[in-house]
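Grab the two chains, each in its own frame, and use the hints to assemble them into the complex.
Residue numbers (my numbering), protein chains in the order written: chain A, 1 to 114; chain B, 1 to 116.
Hints are not guaranteed to be accurate.
Estimated spans, in silico, between C-beta atoms of each pair [to be verified]:
#	chain 1	residue 1	chain 2	residue 2	range
1	B	R72	A	T52	36 to 46 Å
2	A	D63	B	Q83	38 to 48 Å
3	A	G28	B	P40	18 to 28 Å
4	A	G53	B	S115	40 to 50 Å
5	B	S113	A	T52	40 to 50 Å
6	B	Q57	A	Q41	29 to 39 Å
7	A	T52	B	T20	34 to 44 Å
8	A	E14	B	Q57	50 to 60 Å
9	A	V68	B	A81	44 to 54 Å
If you are wondering where the hints come from, they were derived from the structure by calculation, not from laboratory data.
Bear in mind that the values here come from a model prediction, so they are computed numbers and not experimental data.
Using N, Cα and C, we set each Cβ at its ideal position, and we do this for glycine too.
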Amino acid sequence: GAGVSQTPSNKVTEKGKYVELRCDPISGHTALYWYRQSLGQGPEFLIYFQGTGAADDSGLPNDRFFAVRPEGSVSTLKIQRTERGDSAVYLCASSLRQGDGEQFFGPGTRLTVL
Amino acid sequence: AQKITQTQPGMFVQEKEAVTLDCTYDTSDQSYGLFWYKQPSSGEMIFLIYQGSYDEQNATEGRYSLNFQKARKSANLVISASQLGDSAMYFCAMREINQAGTALIFGKGTTLSVSS
Numbered sequence: 001g002a003g004v005s006q007t008p009s010n011k012v013t014e015k016g017k018y019v020e021l022r023c024d025p026i027s028g029h030t031a032l033y034w035y036r037q038s039l040g041q042g043p044e045f046l047i048y049f050q051g052t053g054a055a056d057d058s059g060l061p062n063d064r065f066f067a068v069r070p071e072g073s074v075s076t077l078k079i080q081r082t083e084r085g086d087s088a089v090y091l092c093a094s095s096l097r098q099g100d101g102e103q104f105f106g107p108g109t110r111l112t113v114l
Numbered sequence: 001a002q003k004i005t006q007t008q009p010g011m012f013v014q015e016k017e018a019v020t021l022d023c024t025y026d027t028s029d030q031s032y033g034l035f036w037y038k039q040p041s042s043g044e045m046i047f048l049i050y051q052g053s054y055d056e057q058n059a060t061e062g063r064y065s066l067n068f069q070k071a072r073k074s075a076n077l078v079i080s081a082s083q084l085g086d087s088a089m090y091f092c093a094m095r096e097i098n099q100a101g102t103a104l105i106f107g108k109g110t111t112l113s114v115s116s
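In isolation and in its complexed conformation, chain B is listed as follows (with noise of 0.2 Å):
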C-alpha cells in the first residue's frame, strides 16, 4: 500500500508567493516522523524540514513551514516568499520509529517551477 501520496506531479509559483505542497501518509503507527526533501537538477537530496508525530507545534525552518494535520493524515510544505532557487523537485518522505529498520519511505515527488 502506498503510505505517501503527492498528488501535485507539477507546480508553477512566481518570485516572491508563497505555495503549498501537498503530502498526505499512511501509517498505523502512532510515532512517526515526517520529511521534506529538495532534490535540484543536481541530483543531490537536501533536508528541509522535519515534523515529529508528537510535536505540538507545526515545524518552521526560515522560509519553509509545514502544516500538519494529524487527523487529516498531511504534512503540506509551504514555501514563503518563493526564490528562482526553490525550483526543483521535492520529496515528502516517513520514517516509521518503532520499525526496526529505519528506513524513509518517500512519494513520487512535486516538480516546483519558480519564474520571475
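Next comes chain A alone, as it looks inside the complex (with noise of 0.2 Å):
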C-alpha cells in the first residue's frame, strides 16, 4: 500500500517569503507528526496531530510556523516570513493511532532559503 507521502520534495525560497508542505498520510493512520531534520542532526519534534487537533504543539519554533489537519487526514505545514534558519528537511510521519509504536515516515521536503 501506499506510504506517507510529502509535497514538495524540494522547495527553495527567499527569505521573507511564506511556504506550505504538505503531507499525506498512510490512509487510516490517526495520528501525525511533523519534524526538522537539520544538516548532522536527528529529527525534532515540531507538531503532533491526533485526528483534525493538535494535540501537541510544544515543538514549534516560533509563531511564523503552523499547521493544520482539517479533515484529520492531510496536513499541511505553513511557515511565514521564512529565514534562513529554516533551512532544514521537514519530516511528516503517521502511526495508527495514538500510543502505537511505530511511526511511518515520508521522503520529506527540503526546504532551502536562500
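The following block contains the structure:
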C-alpha cells in the first residue's frame, strides 16, 4: 500500500516568503507528526495531530510556524516570513493511533531559504 | 536535558562482521519505548526495531537485535553479518508513553560505513 507522501520534495524560497509543505499520511492513520531535521542532526519534533486537532505543538519554534489538518488526513505545515535558519528537511510521520509503536515516515521536504 | 545520547559519530565495519551502535537514554518515566531507525542517503527514515521498557526479552528483527540494559539505560543496536547496504545513518529514539504527546525524541545519529 501507499506510504506517507510529502510534497514538494524540494522547495527553494527567498527570505521573507511564505511556504506550505504538505503531508499525506497512510490511509487510516489517525496520528500525524511533523519533525524538522537539520544537517547532521536527528529529527526534532514540531507538532503532533490526533485526528483534526493539534494534540501537542510544543515543538514549534515560534509563531511563524503553523500546521493544520482540517479533515483528519492531509496536513499542511505553514511557515511565514521564512528565515535562512528555517532551511532543513521537514519530515512527516504517521501512526495508526496515538501511542502506537511504529511511526512511518515520509521522504521529507528539503526547504532551502536563500 | 538531552534524552538520547549516541556517542559514536561514525563507525566502520567490514562486510559479514557484526557491529554495535551505542545508545543511552534518560527518562524518569517507567513506561517508554525505544526505537532504532535507519536513514540512507536517500533521506527516508526506515524503522528497524522496537523495545518496550517492560519487555523482558531483547527485541530481535532478522539481523538486528537490541541489547537492552534497563539499569544502565542503554539500548544498543547490534547488526550481525553486515552488508554493504547497511551503510547509512542510524538513529536511536525514545517515546515516553504516558506523556500526552507521543513524539519521538531522537539522538544525533551514528554514520555506519560498511566496506567490502
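How the hints compare with the structure:
1. B:R72 with A:T52: 36 to 46 Å: 41 Å, holds
2. A:D63 with B:Q83: 38 to 48 Å: 46 Å, holds
3. A:G28 with B:P40: 18 to 28 Å: Holds, since G28 of chain A and P40 of chain B (Cβ atoms, about 27 Å apart) stay within the stated range.
4. A:G53 with B:S115: 40 to 50 Å: 49 Å, holds
5. B:S113 with A:T52: 40 to 50 Å: 44 Å, holds
6. B:Q57 with A:Q41: 29 to 39 Å: Holds, since Q57 of chain B and Q41 of chain A (Cβ atoms, about 32 Å apart) stay within the stated range.
7. A:T52 with B:T20: 34 to 44 Å: Distance hint for T52 of chain A, T20 of chain B holds at roughly 43 Å.
8. A:E14 with B:Q57: 50 to 60 Å: This hint holds: roughly 53 Å between Cβ atoms.
9. A:V68 with B:A81: 44 to 54 Å: 46 Å, holds
In this structure, none of the earlier numbered hints is contradicted; all agree with it.
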